[in-house]
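Using the sequences and the hints given, assemble the complete structure.
Chains as they are written, first to last, in this note's numbering: chain A, 24 to 354; chain B, 24 to 354; chain C, 77 to 295; chain D, 77 to 295.
Just so you know, not all the hints are guaranteed correct.
Claimed, not checked - Heads up, simulated EDC-like pairs for lysine to aspartate or glutamate below, C-alpha to C-alpha not over 20 Å straight-line: (1) D:K148 <-> D:D184; (2) A:K247 <-> A:D268; (3) D:K148 <-> D:E137; (4) C:K148 <-> A:E141; (5) A:K247 <-> C:D270; (6) D:K148 <-> B:E137; (7) C:K175 <-> A:E141; (8) C:K148 <-> A:E233; (9) A:K224 <-> C:E106; (10) B:K224 <-> A:E231; (11) D:K148 <-> B:E141; (12) B:K247 <-> D:D266; (13) B:K224 <-> A:E233; (14) B:K151 <-> B:D163; (15) A:K247 <-> C:D266; (16) D:K235 <-> D:D190; (17) A:K224 <-> B:E231; (18) A:K224 <-> B:D232; (19) B:K224 <-> D:E106; (20) B:K247 <-> D:D270; (21) D:K148 <-> D:D88; (22) A:K224 <-> C:E110.
Claimed, not checked - Chain B stretches covered by chain A per the calculated footprint, using a threshold of three residues with CB under 8 Å from any CB of chain A: (23) 166-174; (24) 307-318; (25) 322-331.
Hints were generated in silico from the structure; no laboratory data involved.
For glycine and all other residues, C-beta sits at the position ideal for the given N, C-alpha and C.
The lines below spell out each chain.
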Amino acid sequence: MKKLINSPATVLADALNGVAAAHHELAVDFANRVVSRGAAVKQGKVALISGGGSGHEPLHSGFVGLGMLDAACAGEVFTSPTPDQMLAATMTVNAGAGVLYIVKNYTGDVLNFEMAAELAEADGVQVKSVLVADDVAVEDSTWTAGRRGVGTTVLVEKIAGAAAEEGRDLDAVHALATRVSENGRSMGVALTSATLPAVGKPSFDLPEDEIEMGVGIHGEPGRKRVPLRPASEIAEELVSSILSDHDFSGAPVIAMLSGLGGTPLIELYAIYGDVAALLEQRGITVARALVGDYITSLDMAGCSLTLLRADEEMLRLWDAPVSTAALRWGA
Amino acid sequence: MKKLINSPATVLADALNGVAAAHHELAVDFANRVVSRGAAVKQGKVALISGGGSGHEPLHSGFVGLGMLDAACAGEVFTSPTPDQMLAATMTVNAGAGVLYIVKNYTGDVLNFEMAAELAEADGVQVKSVLVADDVAVEDSTWTAGRRGVGTTVLVEKIAGAAAEEGRDLDAVHALATRVSENGRSMGVALTSATLPAVGKPSFDLPEDEIEMGVGIHGEPGRKRVPLRPASEIAEELVSSILSDHDFSGAPVIAMLSGLGGTPLIELYAIYGDVAALLEQRGITVARALVGDYITSLDMAGCSLTLLRADEEMLRLWDAPVSTAALRWGA
Amino acid sequence: MLTLEDSRLTVDDLIAWLVRFDEQIVEHAERLTELDSAIGDADHGTNMARGTAAVRLRLTEARPDDAGAVLKSCGMTLVSTVGGASGSLYGTLFLEMAKRVGAASELDTTVFADAFRAGVAGVVARGRAEPGDKTMIDALQPTVDALSTAAAGGVPLTKSLQAAAAAAAAGRDATIPLVARRGRASYLGDRSADHLDPGATSAALLVQSLADSHAERVR
Amino acid sequence: MLTLEDSRLTVDDLIAWLVRFDEQIVEHAERLTELDSAIGDADHGTNMARGTAAVRLRLTEARPDDAGAVLKSCGMTLVSTVGGASGSLYGTLFLEMAKRVGAASELDTTVFADAFRAGVAGVVARGRAEPGDKTMIDALQPTVDALSTAAAGGVPLTKSLQAAAAAAAAGRDATIPLVARRGRASYLGDRSADHLDPGATSAALLVQSLADSHAERVR
Ligand SMILES: Nc1ncnc2c1ncn2[C@@H]1O[C@H](COP(=O)(O)OP(=O)(O)O)[C@@H](O)[C@H]1O
Ligand SMILES: Nc1ncnc2c1ncn2[C@@H]1O[C@H](COP(=O)(O)OP(=O)(O)O)[C@@H](O)[C@H]1O
Ligand SMILES: [Mg+2]
Ligand SMILES: [Mg+2]
Ligand SMILES: [Mg+2]
Ligand SMILES: [Mg+2]
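In structure tokens:
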């Protein structure tokens, strides 16, 4: 395993050090592994907190700042953070108007955020949670843990963050976040496996001529393993899987094509060209697009596509100023 | 070779397609492989053009926009663009106040930009060039091609871009760009080799337990091959190589820690923490920091560190609004 | 070593259990992670080892005064150090047990069986898994049943715990053919079959650790 | 095949040369890229192949009227399609040759030797490399010298070109021990020694292509 780390045991602490060193505008609570805005909380603003296992950077700490999250809790690599971390974050950023937890749908995240909400409410803080479960690669069923939460999380954080910044109340921000979550869909493809620092070898074997369609962001196996193929055919599979799952017609769409960590930008643009062409062919209007590393899976090569069926309000909030380490405009 | 591309022959065209699709605010001249600002040229503004081989994205097309470049010429992968491309870019963005070429010091880039300048001047356009040759891994000598141009290029593009936006004339922008270029130093380290699409296999063999210190961005071998080591020791080598080459004391420093394409953000932050600590130990003040993929080498794993000995004017221009695909703030 | 009475678990017995559990987790961490890499995200061993080491450290630094305090300290520590699904679930197991035993200084078979039942009920309430969903519940529920049967039959504690460990192991092995319906493995659908569940495996270690540590102490 | 007079290069001879050069580059592209991957950036074969294919296409689509036009078309095409160091340098070689021969329709040994000298002088002026710097100059300069000697000695063209090709090949081989002082290989310092220079290798192919294509045409 070749990584720019000091040791598997310290990778998270080391990365938080780097975040603190690079971004003086952020506050890093090393004991609780919470990254929050350095500026004083704005009284009366709904606070947004997200978090999850590490290894998906810039998610979530890269999205802390004006117009997006108030705090992010970093778990160990691919492991949900704990309720104490979430509670510490809650106490740090609560500004009296309640707190929204943005939770990716993994059992660990769900349970830990649930415990945190119970603890926070016992301490008199009003908490609501929005669950993101947008991965179309997974069958949706009430008999299972449901779908994984992936790329739509970034869009929820941005749009709900802008709404909170405008001064909307917890119910309104929660309702909007839920609407975004319900209208976003994602699907990923892996060309290689990720290697967890603590494991030291790839989580799964993927032969030189095969790819994993519908992979999760923790190296969870996908829908199927298929022979390596041109970007246009991969794009076709991603696009059609998403479009057959939700109606994206007649509305402005926000598209995000995220790298998984080990794939360079030139390839992301190469496949995005095909994605855009396919969407256009099917009469779908991409109103806003993001191409880059936004939700990753350590050093995995591959990408994920996220589409959000947006509306004018979401677009306006999307365009609102944001100033975070990984997403910045208008501010 | 596993890449999200359609074929080695089309990778550049495919990527340009994606850039055009994702960034409607940019204009893409597919025939000439020139990416320029979509907005009409601002008469009287000095125009900035850069370019180079592809495979280093977001360099250069990701830096086209308000406050930075006016146009970028994309060569084939790792191959300098040609004079016609540069001439086409020149004619597209020239606004009557002259054009600055920002050239990384590689023979191919230097010669092709030289030919372009001759052609442009024959057509009555005033051209000046600034050469970036900041890679301390390479011995500097007038008897060789000199040092490679790497990360400082990004800083020259940002700072000179802001100066041009302020309305300074070609001589002033050129003088400033030269000052930035002369005060920047970089050094890189590779954990793995890049794989060129047209070659299909890694450019060099790097055993599982060795790294290449001082590698170039085209997979040029570095200073030495050493055993894999913790991030802190790699940081020490990068920092001390740079500091022993130029005086960074007593001035504000702009630091950029760029991934090489195959290394995820969590690792970049992990090593940046060590870099920042080392700089602080040596009394060097990092006034601004960038951590992420800014100048890459296809899918190579590793990073490069760039330090610029700045001054108040450079910092002010650094902070000026910029709105490009890969660098965006204040606008 | 003292020969202790084989009818109740003292504070030291509970601590010995959790120390043994840590040893077992350390010994099997790589295997647990391997199991998790097949149908999960390759962190179960690392997660558990981080947690049990913290539990052990906490309990040996300052010995709690009563059984409830041991279990609560363990539960809180697991919740705040393990993370993931298993952290909140194992944490809940111990926190619910602690609630049930309160300030008792010793637990007899009946009280322990009852507390364990409450703990597992807490895990079910939190995780919403049923037996057969291919989770730790598949090892924990048989443990509850074995303990209750033993308590009702007046079986000595050592034997009760051995029966419980055997039941947990059988429950663990029975997860192999199952298709996961909870947790990360459920994303795999049918492909989750033919694999041992990592959480059921660590749960079997938990029960075996108690049976073994207690057997050693009364020997 | 016509038997042509062995004293001059016609427009068709020049075109045949460049077609042959393209064939040779295609055949050796992988090898050129391999050489470049050892001391450069692994693109010389790809670069040259892109360029010579374009030259061939352009020349066969519309046959230029005179020697200068052939050489100019070739030079412009190489400049605008090859990129990298070799694009501007090979481009310059042909553009400078074109300037020298102007609208001539045929080139005898002396004129060709003189034009080639001018071309190589252009390459030196642009690239600032000297013989011994481990570049294409190391194959091109011996070619100039061999052609001049042959022209002065009145050697028939075929033989002159064969002597030139042999000189280019020797110059190419002589790059092996050299330490590069120009181009990308210079970044390697001493480690550039013990490798054949890719540009010198393609330059030797250029001269060999002329010798061979001409020998075939007069045969
Ligand atoms: N809803 C649930 N109820 C009970 N046990 C569960 C549930 N979800 C997961 N588990 C258990 O947790 C184990 C995985 O734990 P771990 O790998 O540490 O957490 P994560 O799945 O968050 O990575 C599974 O093998 C399973 O036994
Ligand atoms: N300054 C120079 N003068 C003459 N030839 C040069 C010079 N620099 C490089 N070359 C030649 O160019 C060859 C490399 O060409 P190529 O790989 O196509 O371009 P690049 O080095 O830009 O990738 C070298 O092997 C060398 O022979
Ligand atoms: Mg996990
Ligand atoms: Mg090149
Ligand atoms: Mg797991
Ligand atoms: Mg080359």
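- Task: Provide an ascending list of the numbers of those earlier hints which the structure does not satisfy.
- Result: 8, 14, 23
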